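Engineer: Residue numbers (the UniProt record's numbering), protein chains in the order written: chain U, 1 to 280; chain F, 1 to 280; chain P, 1 to 280; chain C, 1 to 280; chain B, 1 to 280; chain W, 1 to 280.
If you're looking for bench data, these hints aren't it; they were derived computationally from the structure.
Just so it is clear, the structure is predicted and the values come from calculations on it, not from any experiment.
Among the hints, a few may not be true.
[Stated by the list, open to error] Calculated lysine-lysine pairs in the DSSO-like style (CA-CA distance at most 27 Å, straight line): (1) Lys237/B / Lys144/W; (2) Lys187/W / Lys65/B; (3) Lys237/C / Lys99/B; (4) Lys237/U / Lys100/F; (5) Lys237/F / Lys65/U; (6) Lys180/U / Lys120/P; (7) Lys237/B / Lys187/W; (8) Lys100/P / Lys187/U; (9) Lys144/U / Lys144/W; (10) Lys187/U / Lys121/U.
Chain by chain, the residues run as shown.
6 protein chains.
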Amino acid sequence: MNRNIHTFIACDHEYEDSDIVLFGAPFDGTTSYRPGTRFASAAIRNESYGIETYSPYLDMDLLDKKIFDAGDLEFGFGNTERVLNTIEDMTAQILKDNKKPIMIGGEHLVTLGCVRAATKKFPDLHILHFDAHADLRDDYLGEKLSHASVMRRCHDLVGDGRIYQFGIRSGDREEFLWAKEHVFMQKFNLDHLDEAVKNLKDKPVYLTIDLDVLDPSVFPGTGTPEAGGVYFPELIKALNLVFGLNIVAMDMNELSPVYDQSGASTALACKLLRELLLQL
Amino acid sequence: MNRNIHTFIACDHEYEDSDIVLFGAPFDGTTSYRPGTRFASAAIRNESYGIETYSPYLDMDLLDKKIFDAGDLEFGFGNTERVLNTIEDMTAQILKDNKKPIMIGGEHLVTLGCVRAATKKFPDLHILHFDAHADLRDDYLGEKLSHASVMRRCHDLVGDGRIYQFGIRSGDREEFLWAKEHVFMQKFNLDHLDEAVKNLKDKPVYLTIDLDVLDPSVFPGTGTPEAGGVYFPELIKALNLVFGLNIVAMDMNELSPVYDQSGASTALACKLLRELLLQL
Amino acid sequence: MNRNIHTFIACDHEYEDSDIVLFGAPFDGTTSYRPGTRFASAAIRNESYGIETYSPYLDMDLLDKKIFDAGDLEFGFGNTERVLNTIEDMTAQILKDNKKPIMIGGEHLVTLGCVRAATKKFPDLHILHFDAHADLRDDYLGEKLSHASVMRRCHDLVGDGRIYQFGIRSGDREEFLWAKEHVFMQKFNLDHLDEAVKNLKDKPVYLTIDLDVLDPSVFPGTGTPEAGGVYFPELIKALNLVFGLNIVAMDMNELSPVYDQSGASTALACKLLRELLLQL
Amino acid sequence: MNRNIHTFIACDHEYEDSDIVLFGAPFDGTTSYRPGTRFASAAIRNESYGIETYSPYLDMDLLDKKIFDAGDLEFGFGNTERVLNTIEDMTAQILKDNKKPIMIGGEHLVTLGCVRAATKKFPDLHILHFDAHADLRDDYLGEKLSHASVMRRCHDLVGDGRIYQFGIRSGDREEFLWAKEHVFMQKFNLDHLDEAVKNLKDKPVYLTIDLDVLDPSVFPGTGTPEAGGVYFPELIKALNLVFGLNIVAMDMNELSPVYDQSGASTALACKLLRELLLQL
Amino acid sequence: MNRNIHTFIACDHEYEDSDIVLFGAPFDGTTSYRPGTRFASAAIRNESYGIETYSPYLDMDLLDKKIFDAGDLEFGFGNTERVLNTIEDMTAQILKDNKKPIMIGGEHLVTLGCVRAATKKFPDLHILHFDAHADLRDDYLGEKLSHASVMRRCHDLVGDGRIYQFGIRSGDREEFLWAKEHVFMQKFNLDHLDEAVKNLKDKPVYLTIDLDVLDPSVFPGTGTPEAGGVYFPELIKALNLVFGLNIVAMDMNELSPVYDQSGASTALACKLLRELLLQL
Amino acid sequence: MNRNIHTFIACDHEYEDSDIVLFGAPFDGTTSYRPGTRFASAAIRNESYGIETYSPYLDMDLLDKKIFDAGDLEFGFGNTERVLNTIEDMTAQILKDNKKPIMIGGEHLVTLGCVRAATKKFPDLHILHFDAHADLRDDYLGEKLSHASVMRRCHDLVGDGRIYQFGIRSGDREEFLWAKEHVFMQKFNLDHLDEAVKNLKDKPVYLTIDLDVLDPSVFPGTGTPEAGGVYFPELIKALNLVFGLNIVAMDMNELSPVYDQSGASTALACKLLRELLLQL
């Protein structure tokens, strides 16, 4: 009798054989408004059996890929720095073994752990960021390590001109002012992505997708829904552009499954993850 | 004092006087993922009192139509063939009386019962199929009678070139390959419907609408939500095209009301059913 | 220690200093279908702390405005006329003090209380009305004071040609017929709003937004969701047009938070209210 | 083909043949806190097919009774007096035909309509009242016709010493003081019911059961859950005592199905209604 | 890096080393009323990490036991007999290896698969049955293999006097009459369990727990909640009695997690399963 | 016009005049399983208008008490120590002004902030603790400041023999062993509370009520529901005993309103808080 191995659909290869390594980071300890993203990676694995391995968008099949699903990292809540260290260690290990890490959040702060590891291996790292929120605060109610500050902390590591933000439609005034000096920010939509892609050609790119970049109508299952977002086909099309780049690591975050009891948000996240895995 | 007769709004005519006969097929016994469509027909009747009988789209009113609502078929769960027989008998009776049957599912497999009856009366039957899923598997985990095989079973009855599928965006690789040889399949959207309509001119047409053809944002109340679907006004416009054809019977299926606690999915199904009844 | 003052975000100025006065009218006593709008104003205040005070759409910030939040009116249920009187008195007081009232419903009938006060101060009042429903019945099951009759009662006060309706996609046949003679009605969408705006130039305008004008996909949290509605960016754009007018008072109504457990509807209402307050 | 007659399970006899007449009063227009009881009677009919007609408690079967289900009364919202008149007329008709009326609320105020009719036929009417709330306010925020005043209005009709209340655990101080002079009130539980039953021997008795007399753990589906209530077996046992009396009419009210998404509250209400019908 | 093995908490031993083998049977294909038990075993595994491995009731710890969790059986829906065969094969294999099988349903019919295997190895098998429902119908709407007939089918295998039922409070009249002749049935509660235990001394016993034996207040997460059930401490106490017997196999069924969004039902099932595993 | 002051019902006195000061601590940052207690204090204030100010249990009325509601403390998430400092400062201030603090959590760890302040003023502080969980771990996944360690941290401050625990029914083996040496622990129920009360006579007592001490049937709205708990009338009775003591400060925590969509848990918490305030 076999043990009950539980993976995202079709991601059941051996670590050694795999090109891509998937892992979950079920942390939402700095979420200020509505928590719940800690449940995302488990939900995505469970519900992945409701989608197909085959993508009619790409005419590709997960059954043809070699992917290892490492399950979820385990961390206590209450010490943010320790959480980030665990994520960084995991990412560094995968990168060292010349595989591509793909992390499922959790809140957006988990990105910082991956980016720390990635900048060590790729000092010239650039970041491509899809999100409704700028996440550029210097601190949030005094905390430097916060979901609302994550891109600012990433900027501390990569510096000016290396972060490209798309879909941004919420933030305080200071974030929008600061952005003008330090990052590329496309407000409201994904226009001009082709130009960003040109700029990023030949660079090592970290891709981070905060799923709340999507319109709440197609993705209500998130802590801070922001009306006026991007639709699924637009995002799929954008990813086609993006995957011509040298993506060295990536994450998808901010699904909070409990807020969408229809399951449509989790199903969308599963489908998007399939498309990401097929193109990575 | 009058008995409590419970119908879809304004469908309270006598059977003999009616041109259209509505009935429910509350079966979801082969649903592999998330059941619940068995509750659709009751929900649609209950919530139909939240919509108007008048359509501003068509400037027509249900009060001017003669429709009989026969309530729901009753079946035990556990014997799929017996369920299909009950549906076939009901449909055959209505067709024999020269009325138009319209069935509310239930899962999509219920369509097979109607199509069996319809092909007996109309040997040249063609099928127009709106859906997110191809439903063209030869079997599902060994079962030939499955929601995932329903169009393949219909193909067994009508043969090549008689099935026109629109909006398909999910299936396994084999289904998409098989489709190329045997059916017309429009992926992702409703484009080229006008051409299909031209081909179907003068044919007896069975219309089957799996409501998950709609985008989950407008229709989350279904078992397997598939991002990237069709919007309500597109579907309304498509139906305008379709109803120039000789529709001899039809069904609308896969509403699972429990998955959309806002009631918006059920309300949409009610409104769509009104539009269908007005045009049939 | 300070008292726990509870306002819509950043609306914490003194009454005397304020230009705008916000108040809630938590009444849904004539709602015939699904009640719940009585909870809207409390939900909007609570959840307003999940949005930002800054609008990237307008590059304006609520922190720069002077707004007083008076909390909710208190009324017993069961006597509709008394409720309307309470609303009228409140509105009249604010208008008398030369401030702009903005009311959060509640069902749509609450609009009548404000309009009564506004027509007394502005006899030439015109009404701009966004809604899915015509609300033009002369009575509803015998009741003259009903959510389904509110615009007809407003017409009793302002007369022919003074009401402009947009987005209407539901009503009975008589309402649509009556509308042709007495009001301007744009069915289904916001087309021709620019023309209406031209006509309304230099008039005192009352703006009433029934949030169900929005598509249920972006706003499922309402009692009677009507498929085929307006999207958030369209509404935002429409408001840009509208706020060139002389808006003397306004309301936003028909959020029923309990029907959207994702919170996306309430979040949208908060964001829309911010945009309204910034432009008023 | 038969029309779709929709009744509480097994209550499908002709009016003329029946001893008991069931009807729904879907009104919650004076509910001050959380509405929703308007949906109770429809939910009870729908879900009654999940229970059995046979009671192992009584070894009796609904199939052996003659009961007519008249469906729901229809009323507009906004005019409380008119609603009460409709209920009174219905009750009077049933009583005139020498049948026993049993009404499903709706909020508790609907009881007043029945009691008005019953006191006309039975001037010596006594009232047996199970409830968490005293409902003895003289008015509620100025309204004399309110769910919170219903027993006070009944007292206006029947006078001192004729109302027996059980299970009461909530009210304002004045209600409890007033009760001492005018009614029999058993606080918190059903103790001393046997003594009340002795006093009521040979009297015409109206029985009104506000389902919130039950503990919220067994009956969360109600607008104002009050911890510390009665359990189901206690209530069943109490009813055994009660049905030795001359019950001339009765009602069961305050189920608000939407607040208990498990369906357990509605299922309990169905089962309790079966027990009531079997013993009436 | 390790594979993501997913088990009930602490049931992560090798098959060969284990005394007990846990598996899930996610089938609800004959459920006539509200489906959903197919999700129970996955929910129980997921939520088991919210309970402790240590039982203060027994002062025992799962960490000291050797249990293998084989995951869930996989079956298509639509062919009940095939499902039962799969369950029977699994059970037979475990029994052949001299381990104790414990199955998590699914609907109650899954018990039949286990009992078929168990009677082959233990021809003198007796069955101890906790349930709200008798499940003694000869067929349900014509289906012999139905959740409502499962104990009748078991009786076909074990014969008169071998089935002991406790807590039964629902069924049709015929079931209760039939029971008098063929099984021991304790209505409503667990009284006389000690006597049954005496009778069962030295017999091979199959224990089947339909979780709806519990009161819906403590266990609302089930398809057919029946008021008036057993409380958790009573059930725990009963199990203490039972585990003096020679339990050769067992199951726990009818959790339908979706109907209890608080998670309390699933948490209770996890805790109960811990107590069962510790005592088996 | 008055500002919208938002308090627990009837707790609207001035700080200077008040004997009791209520405040919220909306923190759940170390919750390891299901977060959500951060929403408790807001929910309790909102829903307090659904209960009465009068207690029929005590024949006392909140209208006769002088209580100030200070609203909620504000803290960022991510730095547990800073949160505890904020709570400690608030508590110290209230104690310094010779008023009694009563805090609404939040997760149980918030208790530590209050206890730190209370031990400074009352070095002989004893703690009376109602809970399902022992909360006696020395650390949780490496974190010393955790909801699962809170009573252990309190023990660090008060020492052996000063903590009395009641209702405990969950923990790991080590916690139960450690408890034997260092605290008084009553497992499963509230027995022997009278003896504890005798021991605590004349001591300054801190009372902390983790609401999950209640059975999940009466209180499902909590993160970690533990079957087999205490019922509401038992807890009310226990509090009658307790309030003969010298309670110098107290808290009530672990309501997670989102997990009980019926609102019954929040309503119970409101009622319990009323009883606590009346007796403090």
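Engineer: Decide if the proposed pair is consistent with the structure: Lys180/U and Lys120/P, CA atoms, cutoff 27 Å inclusive.
Structural biologist: violated (49 Å)
Engineer: With the threshold set at 27 Å, check whether the alpha-carbon distance from Lys187/U to Lys121/U stays at or below it.
Structural biologist: Between Lys187/U and Lys121/U the Cα gap is close to 31 Å, so the pair fails against 27 Å, i.e. violated.
Engineer: Can the restraint linking Lys144/U and Lys144/W be considered satisfied, given a maximum Cα separation of 27 Å?
Structural biologist: holds (22 Å)
Engineer: Does Lys187/W sit within 27 Å of Lys237/B, going by the straight-line distance between their CA atoms?
Structural biologist: At roughly 16 Å apart (the allowed maximum being 27 Å), Lys187/W and Lys237/B satisfy the hint.
Engineer: Is the Cα-Cα distance between Lys187/W and Lys65/B 27 Å or less?
Structural biologist: Cα-Cα ~24 Å, so holds.
Engineer: Within a Cα-Cα threshold of 27 Å, do Lys237/B and Lys144/W meet the stated pairing?
Structural biologist: violated (36 Å)
Engineer: Compare the distance between the alpha carbons of Lys237/C and Lys99/B with 27 Å, and conclude whether the hinted pair is satisfied.
Structural biologist: Violated: Lys237/C and Lys99/B sit about 46 Å apart, past 27 Å.
Engineer: Measure nothing beyond the straight line between the CA atoms of Lys237/U and Lys100/F; if it is 27 Å or shorter, mark the hint as holding.
Structural biologist: violated (43 Å)
Engineer: Quickly compare the C-alpha distance for Lys237/F and Lys65/U to 27 Å and report which way the hint goes.
Structural biologist: Judged against 27 Å, a Cα distance of about 40 Å means the pair is violated.
Engineer: Has the given pair, Lys100/P with Lys187/U, been kept, meaning a C-alpha gap of at most 27 Å?
Structural biologist: With Cα atoms ~31 Å apart, Lys100/P and Lys187/U exceed 27 Å; violated.
Against the hints set out earlier in the document, violations occur for numbers 1, 3, 4, 5, 6, 8, 10.
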